[in-house]
Amino acid sequence: MGVKYSPFDYAIHDDPFPAYARLLDEAPLYHNEEDDFWALSRHADVTAALADHARYSSSHGPLLDRPPWGPDASAALSFVAMDPPRHTELRTPVSRGFTARRVAAMEPRVREIARHHLAEALERGTFDFIEGFAARVPLDVVSELVGVPESDRDEVRRLAARSLHREDGTQEVTAEGPAAGAALLEYYSGLIARRRAEPADDMISVLTASLPDEQIVPILFVLLAAGSETTTNLLGHAWYWAWRHPDQRKIAFGGDVPGWIEESLRYDPPAVGVARLLTEDTELHGTRVSAGSRMWLIIAAANRDPRVFPDPDRYDLSRDTTDLVSFSGGRHYCMGASLGRMEARIALEELVAAVADYEIDPSGLRRSHMGNVRGFTTLPTTVTPR
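According to our numbering, the sequence shown is numbered sequentially starting from 363.
One should not assume that every hint holds.
Now the in silico label distances, taken between C-beta atoms and shown as ranges [as the list claims (entries may be wrong)]:
| # | residue 1 | residue 2 | range |
| --- | --- | --- | --- |
| 1 | 433 | 676 | 41 to 49 Å |
| 2 | 556 | 487 | 35 to 43 Å |
| 3 | 377 | 646 | 23 to 31 Å |
| 4 | 380 | 652 | 23 to 31 Å |
Hints are computed from structural coordinates only; laboratory data are not their basis. The beta carbon of each residue, even a glycine, is placed where N, CA and C say it ideally should be.
Start from the sequences, fold in the hints, and give me the full structure.
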C-alpha cells in the first residue's frame with residue numbers, strides 16, 4: 363500500500379513522523395489528488411524550493427488552507443503572501459523591529475516576563491505548561507513589541523487560534539473561524555486608530571507613520587498570531603521531548619539550553635511546512651508538475667532527512683543542527699528567528715533554574731489542529747521545585 367499523507371488529517375497531527383519517513387524514502391514527490399497539492403519532503407528539494415522564489419511563488423500565501431490560499435491571500439497575510447518587489451517594500455519597515463540591537467535590548471524585559479509567569483505556575487505545583495507558561499511568555503513579548511495592552515492579550519490569542527482551527531481532514535476553518543477573524547480585524551483597526559491619535563513607543567506607531575490601515579492590519583495578524591504561536595509550540599515541544607528522553611533532559615538541565623532549543627527545532631518544528639505556487643512546468647523526481655500547481659514544502663520532514671541528519675529519529679542535543687530549516691529560508695526566512703530563540707532560551711533558563719524535575723500527565727495531552735503548525739494546546743505538568 364502506498365504512503366498516504368495530508369496535513370489536515372488529525373492522525374498526522376498526533377504522529378506525523380512515520381508518514382514523513384515513508385515520504386522521504388518512497389515518495390520524495392508526493393501527489394495528494396483529494397487535497398490538490400504536490401509535496402516535497404527531502405532536505406535538498408525543500409531548501410532549493412525555498413530559495414527559488416521565481417519558480418516557487420508566495421503570491422497565494424504560505425498556507426494550504428482554503429481560505430486564505432489564493433490570489434488575494436496578501437489581504438489577510440501581508441508580505442508573507444507576496445513576492446518581490448512588494449514583499450520587500452512591506453517586509454523592510456517591519457524588519458526594523460527585529461534588529462539584533464533591538465532583540466538584545468529586550469532581554470531584560472523578556473526575563474522579567476518569564477519569571478513572573480513561572481512564579482505563578484510554581485505556586486500551583488501542577489499546571490498546564492501551555493496555558494500557564496509557554497503561551498503567556500511569547501504572547502506578552504510580541505504584544506509589548508507591537509503595542510497590544512496586557513488586558514487584551516488573552517482574547518487576541520484566543521481569536522487568532524479560533525480563526526485558524528481546522529476540523530479533521532478538511533481545509534476549511536470551523537464555523538466560528540470567520541467570526542473570530544472579523545473580531546480580530548475590528549480589534550486591530552481600533553488599536554491602529556488609537557495609535558494614530560496617540561503614538562507610543564511600539565511597532566504599530568512606527569507602521570502608522572508610513573503605511574495605510576489596510577496594510578497594517580494583516581501585518582499585525584501575522585506578528586501576533588504567528589509570532590506568539592510558533593514560540594509557544596517550540597517551548598511545548600522542548601518540554602515534552604526532554605521529558606520523553608531523560609538522558610537528554612539531564613543534559614539540558616545541566617546547562618545545554620542552546621542545544622535543547624536547536625534539537626527541538628529540528629526534531630519537532632513549530633512550523634510543519636509552507637505552501638508555494640509553481641509558476642512554470644517543472645520536472646521533479648521524474649514527474650512533470652504543471653505550472654499553477656500547489657506545492658507543499660514539508661519543513662518537518664526535511665529536518666528528519668537521514669541524508670542530512672544521521673539517525674534522524676534520535677533526539678540528541680549534541681548533534682549538528684546547522685542545516686535545519688525550521689525558520690523557512692530564502693527571502694521568506696523568519697525575521698523573528700532571533701527573537702524566538704532568545705525568548706525560548708530565557709524561558710528555558712528560568713525553568714532550569716527553578717525546577718529540579720518534572721512529570722507530564724500523558725492522558726491530558728491535547729494537540730492543536732492546524733495544517734501548517736504543530737503544537738500542544740494542553741500539557742499537564744507537575745514540577746519539583748529546587
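Evaluation of the provided hints:
no., hint, in the structure
1, 433 with 676: 41 to 49 Å, "43 Å, holds"
2, 556 with 487: 35 to 43 Å, "40 Å, holds"
3, 377 with 646: 23 to 31 Å, "27 Å, holds"
4, 380 with 652: 23 to 31 Å, "30 Å, holds"
In the structure shown, no violation is registered for any of the earlier numbered hints.
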